[in-house]
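Asker: The lines below spell out each chain.
Number of protein chains: 4
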Amino acid sequence: MELRIGVIGTGGIGRDHIRRLTDVITGAKVTAVTDINKEIADKAAKQYHALSFPTGEDLIESPEVDAVLIASWDPTHAGYVLSCIQAGKYVLCEKPLATTARDCLKIMDAEMSYGKRLVQVGFMRRYDKDYRAMKEVIQSGRIGEPLLVHACHRNRTHITSHSNDMTVTNSGIHEIDILRWLLEEEYASAQVLTGKQNKNAAEGLQDPQILLLKTKNGVQIGIEVNMTSGYGYDIQCEIVGETGTVRLPDPSALLIRSEGKHTHQIFTEWSQRFVDAYDNELQQWVNDVKKATLSGPSAWDGYAACITADALIRSRNSGTSVPVTLQRRPEFYD
Amino acid sequence: MELRIGVIGTGGIGRDHIRRLTDVITGAKVTAVTDINKEIADKAAKQYHALSFPTGEDLIESPEVDAVLIASWDPTHAGYVLSCIQAGKYVLCEKPLATTARDCLKIMDAEMSYGKRLVQVGFMRRYDKDYRAMKEVIQSGRIGEPLLVHACHRNRTHITSHSNDMTVTNSGIHEIDILRWLLEEEYASAQVLTGKQNKNAAEGLQDPQILLLKTKNGVQIGIEVNMTSGYGYDIQCEIVGETGTVRLPDPSALLIRSEGKHTHQIFTEWSQRFVDAYDNELQQWVNDVKKATLSGPSAWDGYAACITADALIRSRNSGTSVPVTLQRRPEFYD
Amino acid sequence: MELRIGVIGTGGIGRDHIRRLTDVITGAKVTAVTDINKEIADKAAKQYHALSFPTGEDLIESPEVDAVLIASWDPTHAGYVLSCIQAGKYVLCEKPLATTARDCLKIMDAEMSYGKRLVQVGFMRRYDKDYRAMKEVIQSGRIGEPLLVHACHRNRTHITSHSNDMTVTNSGIHEIDILRWLLEEEYASAQVLTGKQNKNAAEGLQDPQILLLKTKNGVQIGIEVNMTSGYGYDIQCEIVGETGTVRLPDPSALLIRSEGKHTHQIFTEWSQRFVDAYDNELQQWVNDVKKATLSGPSAWDGYAACITADALIRSRNSGTSVPVTLQRRPEFYD
Amino acid sequence: MELRIGVIGTGGIGRDHIRRLTDVITGAKVTAVTDINKEIADKAAKQYHALSFPTGEDLIESPEVDAVLIASWDPTHAGYVLSCIQAGKYVLCEKPLATTARDCLKIMDAEMSYGKRLVQVGFMRRYDKDYRAMKEVIQSGRIGEPLLVHACHRNRTHITSHSNDMTVTNSGIHEIDILRWLLEEEYASAQVLTGKQNKNAAEGLQDPQILLLKTKNGVQIGIEVNMTSGYGYDIQCEIVGETGTVRLPDPSALLIRSEGKHTHQIFTEWSQRFVDAYDNELQQWVNDVKKATLSGPSAWDGYAACITADALIRSRNSGTSVPVTLQRRPEFYD
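For the protein sequence lines, the chains are A, B, C and D, in the order given.
Quick note: the first sequence uses full-length UniProt numbering, first residue 1, plus one each step.
Quick note: the second sequence uses full-length UniProt numbering, first residue 1, plus one each step.
Quick note: the third sequence uses full-length UniProt numbering, first residue 1, plus one each step.
Quick note: the fourth sequence uses full-length UniProt numbering, first residue 1, plus one each step.
Among these hints, one or two may not hold up.
Any copy will do: because identical chains look the same in the list, a pair fits if it lies in one copy or spans two.
[Unchecked claim] With a straight-line Cα cutoff of 27 angstroms, these simulated BS3-like cross-link-like pairs (lysine-lysine) come out:
{"hint": "1", "residue 1": "Lys-29", "residue 2": "Lys-46"}
{"hint": "2", "residue 1": "Lys-29", "residue 2": "Lys-290"}
{"hint": "3", "residue 1": "Lys-135", "residue 2": "Lys-291"}
{"hint": "4", "residue 1": "Lys-261", "residue 2": "Lys-135"}
Since the hints were made in silico from the structure, they are not lab data.
Quick caveat: nothing in here was measured; it's all calculated off a predicted structure.
Given these sequences and hints, build the entire structure.
Answerer: Now the structure itself:
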């Protein structure tokens, strides 16, 4: 039996997920779509032989939909997730889970009341083979206990609508989640450093930004988030342990020797870098939903990322280090 | 509508293809299996909810089977392929297409009589992203016209049943095909060099062997086929052109610094190296069959590889370079 | 005519410089030595056919000495340098120039009174071919204006006498100087971050430490100084510019494939890493002295490094960012 | 006491050696020069405060000359070397030792009659740190016994006067020597393969050429000698052993990320690649001569290289593999 999925939001990432669920993922099909722009929803519906619903709520309640994927505008995420819980349907929500910590807490409360995990957050990097291998290396003890992390998140250029906060909430958020997951602990404090601005960034945009995080055990993390690297989309991560280090490799690419140079290409678009991770994420989610047991990032993970992002933004505004204060983690999320 | 596939041969590679068609490939399902060992066929049939047929011929003729995948013992390939053509069914035959050039010709004749391409040979490397990118680089002119090829095919250890000929027909055959495909021309001559034997190879086994090929345009190719590298499964290829070179990258792997060394892992098993290529090959074949137009390696490619392998084996026995003599290529295969 | 050099301090680094001046450098010879430990001075004198002097002052004043190299205990540097200026002799002083900013200023005053540069500080990294190439890349504009620096200074293990301050004054000092030199500007502020301690470091030692510097133009610098990396001596540096980045390569080393791994060695001792830089530094200094025009790091550079190190140490003690306040740079040092 | 060296031949490489002996090497000075072109000899003499001699023989006999370096036109080498032996003076002769095997034998006879090694041949690669490390790895047994060698010798473009034979005698000769030295055995057979010609090479020039050598123990060697690689000067070497491989690294160079590419520079001129090897070679030779015991490549090595080059050239002309037949090695050269 194929899992029947309804997709809310049929813009860029939503369309890509519909294609993926149809052409790449086995055991699932997209049966329903909706979008604030009815025209593009209808177009997607037609192309993929799905139903087009006027609202997300209609889609969520439809008997043609077993599970929901949310890829709509960020501020709408929380409302749709709550509706899914109310309808008792599994939901994969693109990050962020919500735009406020209060909404994250509301979602956790609803989920706990329901009595079972229904919510997964779209932190796809956890499904990247290299990050997974990195976690295995850390856990194997080969590099000793982690002490430091050096990470870089570089886009080639930023989109027109990019804002200072989005450096944290859209880009940095992936780093916030993946490092929590790799280190298996929460953050204690957060700070943002800014300095010389890249002339190629929009006027007034603080770019690059350095995000400093420290975990409860004292692991020190420095993350360059650079929206205007100029040269490509480049994700780097090195964990420094007590006896060695482990580092993400560059994505492999042909080696060319010509004109006095040894060269390999770097991705220029984010969409090229995590193709396999997105595929793995969705396939695992479909498999998990069919087995009725989620294994991916939870509402708690969405909440922790939200709180951390808030702290970073406050630090940038205040110029000082600020504490990252999470509620006590409910046993439900252990 | 899902393509209903019958699989002949449910040993190692056959089983892996059944899993792949079921769990990874979209738009297809395995509906029938058969094996010379009835027991393992029945087991696979049960696990995958398929029918178990007593013979390959029965499977091929079954109305439950739209297309056939052959992964049985090499000497049986040609017979099954001919039956598929007779039944007018698409067939993907694992390499080699046949064990003799005469059988390859028989298959081409049958296919031409049928009037349409039905046969594809399982040279999966053509679906590897790096080889594909390499072909694009060559065609772009960035390195000028190809002059030389340096290739290595290294297994960690050989299987017990490995023979001197199998170095050419089982391992070298992949190099023979992929280089024809990259260079887009046929071979003119072939030679095998042997020298010092690896003590870790079975007694009497000539390992490593150096395969020398020259194309009709004079491109010189040297291929190390090494069944006992001792350290891993390692495929290397460098094309030297008139103004530059292009080289396959090592598969990317985490970079670890510890104990005075910078290290990354190398695959040890062949099955790890071309996972994506096999996935792409089968997905593309399924898509092509549904559109009733094959785009993968043809019976002609199987024939050319067979003739080249024969020439190499004769060279090893005679100690001299021997010509590679192909029939004129029928327009049917252009 | 060979330049006759007197060496003050014949311990580890001093002995190495004597060997270098004798066996590697052309146009110079060591004619005089001295050490607080008369015995080891006499031993070096005997081996290298030099005179052994009871005190540094005697050596400096000797007519057998054209120029002086100081490699004695840090607190003695300033005094010897002042004596050299008084004697009108060129002096290469191992870092630090002095242990206090006040002594640095005294040296600059003396040198300015003398009316000509006599003092060079032993920041040998400026003579490393890769750092030099890096500076050329920056100046070429190929990566745009520098915005960020990521640097690492990792020792395998620390010496017994290592202290928290020495992380800055002995190891970090090289980073402080080389980055000033690469970026061609002064620092505006300094901060040290500490967190989880490496269990393999001595009790009470804050290791690793993160040094944060910001230049007057706002370039943000993060330096990991790690005295107990466990795996090797490893110096890394990446400059992130407005359109690209430039990074030091790993020192080249043989590539070995064995046992499922691709490996190259990393240096374990600092003495292996900058051999050529030390050779180049001394050869250039000898050549410069003969031409009576110094081109290497000046007393001002020693002073700027000292002030910056002081600021970092104060920051570590206070837990906040502190300003780096230099006197106005005398035209004499432009 | 400085070793007084006379240099025969003050063209490109000769001038470079004079500079090196003067500015880089310790313990030696150039006291005499000569050249077939008197004018350039006088110019060099003037610049380096040396005597200019009308003939090589005059220089060799001069009491101002302790040892001789020969960097003149290839056909003159043997005569000058014989004169040096007659004069009982140490001589470093740039490769080749002689242009005929017969002259090599004559030199060995003269040297044996003299009763002591006086002759060293300028195979500088033996002084390259990476080749030396490679030899250590082989001898350590880390990769098992060597079975295969893959080597490349690539120039960016060839000089106007380049001929087919020079591919072997000028460029290939370095590979011939270094591989004998690495493997510590002699060659048994030799073959040259030619194929498609590079359009950017001069008309009629067979470029690239593949040199195949097999050692007495059966190690198989393939060497690409490519005078028109188009992209740079690139020397590669991989030794494949029974349990692993060892490979020369690319010379280290800055890593630049810009414009969608990760790039490092490749040398374009041969003179950039072996600077340190030449320095080490000459310093070691000067030290050895002073101790009156040579440790570098001997007349026997020059003879073996000459015989091998002859065999390769005969193979290219005949199109078949030819034996490499050396005289029995005199104990004198063990």
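Asker: Take the hints in turn and mark each one as holding or not.
Answerer: So, going through the hints one by one against the coordinates:
1. Taking identical chains as interchangeable, the C-alpha atoms of Lys-29 and Lys-46 lie at most 27 angstroms apart whether they share a chain (14 angstroms) or sit on different chains (25 angstroms).
2. For the identical chains of this complex, Lys-29 and Lys-290 are neighbours both inside a copy (13 angstroms) and across copies (19 angstroms), given an alpha-carbon limit of 27 angstroms.
3. In the homo-oligomer, the alpha carbons of Lys-135 and Lys-291 lie at most 27 angstroms apart inside one protomer (25 angstroms), although the nearest pairing across protomers, at 43 angstroms, exceeds that limit.
4. For the homomeric pair Lys-261 and Lys-135, the shortest alpha-carbon distance between copies (19 angstroms) is at most 27 angstroms, but the shortest distance inside one copy (35 angstroms) is not.
This entry satisfies every hint, going by the numbered hints stated previously.
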